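Visitor: With the sequences and hints as input, model every part of the structure.
Number of protein chains: 2
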Amino acid sequence: MKLTVPINLPHAPYDVQIGAGVLGCLADLLETMRASSVVVIADERVDALHGGALRDVLSRTKLASAVLTFPAGEASKNLATYGRLLDGLFDVRPAVDRRTVIVTFGGGVAGDMGGFVAASALRGLRFIQCPTTLLADVDASVGGKTGLDHKAGKNLIGAFHQPSGVLIDTAMLKTLDDRQLSNGLAECVKHGVIRDESLLTHLESARDAIFARDEATLGDLVARNVRIKARVVLADEREANIREILNFGHTVGHAVEVMGGYDKLLHGEAVAIGMVMALRLARRRGLIDDASRTRVEDLLARLNLPTRCDNIDADRLWEIMLHDKKARGGKVRMILPLRLGEVAVFDDVTSAEIAETII
Amino acid sequence: MKLTVPINLPHAPYDVQIGAGVLGCLADLLETMRASSVVVIADERVDALHGGALRDVLSRTKLASAVLTFPAGEASKNLATYGRLLDGLFDVRPAVDRRTVIVTFGGGVAGDMGGFVAASALRGLRFIQCPTTLLADVDASVGGKTGLDHKAGKNLIGAFHQPSGVLIDTAMLKTLDDRQLSNGLAECVKHGVIRDESLLTHLESARDAIFARDEATLGDLVARNVRIKARVVLADEREANIREILNFGHTVGHAVEVMGGYDKLLHGEAVAIGMVMALRLARRRGLIDDASRTRVEDLLARLNLPTRCDNIDADRLWEIMLHDKKARGGKVRMILPLRLGEVAVFDDVTSAEIAETII
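Residue numbers (this note's numbering), protein chains in the order written: chain A, 1 to 359; chain B, 360 to 718.
Quick caveat, the hints were computed from the structure, so don't treat them as lab data.
The reader is advised that the hints may include incorrect statements.
[Stated by the list, open to error] Derived Cβ-Cβ restraints for the label pairs, each shown as a range: (1) Leu-681(B) - Arg-179(A): 25 to 35 Å; (2) Arg-675(B) - Asp-214(A): 51 to 61 Å; (3) Lys-510(B) - Ser-351(A): 42 to 52 Å.
[As the list claims (entries may be wrong)] Result set (BS3-like, lysine-lysine): computed pairs, CA atoms no more than 27 Å apart in a straight line: (4) Lys-685(B) - Lys-62(A); (5) Lys-510(B) - Lys-690(B); (6) Lys-326(A) - Lys-421(B).
Predicted, not measured: the structure shown is a model, and the values here were computed from it.
Ideal Cβ positions, reconstructed from N, Cα and C, are used throughout, including at glycine.
Guide: In structure tokens form, the structure reads like this:
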């Protein structure tokens with residue numbers, strides 16, 4: 001079963017192909033793109049697990065190819081690793097040229113950092129994303145965001161650079177541990193809350209099949225989420241700032257991640273905490289009823305995601321939120337639900353409200 | 360006298376304002392842009408000479424502002440300096456946000472590197488270019504190219520990022536030494552050869568007024584060159600690769616610069632040598648007559664530019680040309696004149712021809 005979700009960006013349309021084994025489509029895609037050579041940017045863990053399969057596909061093309069790897073994990077997503085990848089890229093022989101295609105292979109870090117290498121090498125090379133984690137599948141495969149972390153905050157350095165294609169091989173999810181699976185499910189819950197209440201119902205009923213890595217269930221889940229994200233991103237082409245709703249759970253979540261030094265909590269775990277705090281804040285304001293709040297909290301718990309975070313220093317959290325790149329003119333911007341499936345942007349959230357909502 | 364050249368890019372139009380004292384227009388421009396704050400990126404030399412004038416203008420706005428500096432010179436244009444500038448940028452308080460405007464202040468390095476900081480900080484901040492050298496005035500103020508050098512080659516890292524405005528204060532050229540003035544005149548000669556033979560005539564007659572820093576002559580010269588470059592860049596929006604003709608003199612020139620380690624020759628000096636070699640190659644192929652070749656060589660010499668380069672290793676030169684980012688599929692691409700004012704792209708230049716043309 002292969003599902004294709006077209007991403008109809010006016011200037012840079014591409015397809016997201018989803019299913020077990022779609023990594024094999026890479027050879028055809030590279031041929032269609034008339035690539036002169038291929039450079040893969042992969043994290044070491046994914047390269048160890050699936051690099052052989054990728055090399056098999058590449059060997060079916062007649063293209064010169066090279067694989068550059070970096071240590072797996074968010075701690076690699078910085079200017080130092082980026083510099084080493086560029087050093088490796090420019091050392092490849094035959095030398096890269098403007099028709100060279102970058103293939104990013106791994107989780108969100110590989111896609112974000114490899115995508116920024118593609119965005120900036122020779123002022124822009126084409127790239128294909130092959131995400132290997134559920135988080136990257138549902139979050140990073142649409143939107144064109146590439147980038148690096150800085151000690152001052154996540155994703156503070158980067159560029160918008162659209163891929164030429166995305167291949168989501170759901171067979172890769174079989175080697176993903178449960179914690180990483182939950183990491184991606186947090187973004188699925190987010191998509192449900194911001195745009196599609198029926199996705200929440202689906203997650204409630206499909207929970208066990210998802211954790212059993214049922215192939216059809218995973219393919220369907222990824223496709224549903226890619227479609228939601230694509231709808232939001234494409235709407236943003238016409239209506240400015242719509243995509244800001246994708247930030248639901250992220251204002252607090254990013255700050256919680258920064259406080260943990262990017263290491264203790266996974267991104268989805270921080271977002272889960274951020275969503276719970278946003279739901280509680282919305283409840284306090286009377287925007288949603290308590291049943292909606294507890295429904296989402298219960299779902300997060302069933303998906304093995306944290307719903308509370310001990311020992312948060314409210315002042316420090318607020319300070320970090322103020323420095324979030326989405327803050328404007330000294331005001332924190334937060335996405336709050338109006339009901340499950342609809343959210344709005346608020347810029348009047350106070351430090352006192354945040355302190356009261358800490359869980 | 361203020362001249363305004365509109366750059367009518369479909370998605371990102373902006374004005375280049377030219378004249379003695381136009382730096383003063385910065386305050387109005389920032390207000391029009393509704394900037395939340397300003398961060399200047401300047402080289403230390405220009406900051407020492409003209410930073411006071413810039414701070415005076417900024418103090419007329421009510422905006423929070425900061426100035427980040429880096430050591431002047433091409434040797435600074437690398438990932439290490441870029442990283443330090445980002446560290447400085449994210450340390451600024453109040454923190455930068457998406458309405459922060461970057462102002463680049465200095466020669467080509469400030470514009471290229473500061474422009475890349477703007478392109479990549481928070482995935483893209485608006486920026487205003489205030490070039491202070493003739494080279495930056497006529498070359499870097501149109502085209503949206505930003506970037507850094509890598510040890511493997513010049514400008515291998517970067518992005519296309521259009522400024523929101525360019526202010527060319529020709530009064531700055533009074534503190535520019537003659538060698539730096541000639542550095543920019545090489546690009547003026549290039550513009551004449553590729554698109555406008557009358558500009559060559561103008562350079563021949565205005566030579567002394569230029570070196571005397573006559574204000575009207577400099578303003579007129581800059582405006583003529585900005586218009587030519589804008590015509591080429593805008594044509595490229597419709598007809599792909601037209602702007603490649605701006606690479607005249609640069610295929611060899613870049614390679615000569617790399618061989619010199621970026622330090623010995625200024626960019627314009629390397630381009631002058633590259634143009635002479637391209638003219639000689641065109642002459643050998645019978646594309647142009649000898650009078651055209653000697654006319655340009657004589658003009659370059661009158662503008663105090665080198666027309667020969669001793670002890671070039673032809674094999675190494677060719678190797679570097681092959682790795683130029685504009686090379687494709689193992690072929691060197693060179694721009695050769697068909698007559699003065701018209702050029703074409705050739706991809707059949709051989710290493711033997713290059714060896715024969717070395718001067």
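Visitor: State for each hint whether it applies.
Guide: A quick look at each hint next to the structure:
Hint check: Leu-681(B) to Arg-179(A), Cβ distance near 48 Å, so the stated range 25 to 35 Å is violated. One distance hint, 51 to 61 Å for the beta-carbon pair Arg-675(B) and Asp-214(A), holds here, with the actual separation near 59 Å. In this structure the supplied range 42 to 52 Å holds for Lys-510(B) paired with Ser-351(A), their Cβ-Cβ distance being about 47 Å. Our distance criterion of 27 Å between C-alpha atoms is met by Lys-685(B) and Lys-62(A), whose separation comes to about 23 Å.
Taken as a hint, the Lys-510(B) and Lys-690(B) pair is honoured in the structure, with Cα atoms around 21 Å apart against an allowance of 27 Å. Proposed proximity of Lys-326(A) and Lys-421(B) is supported: the alpha carbons are some 22 Å apart, at most 27 Å.
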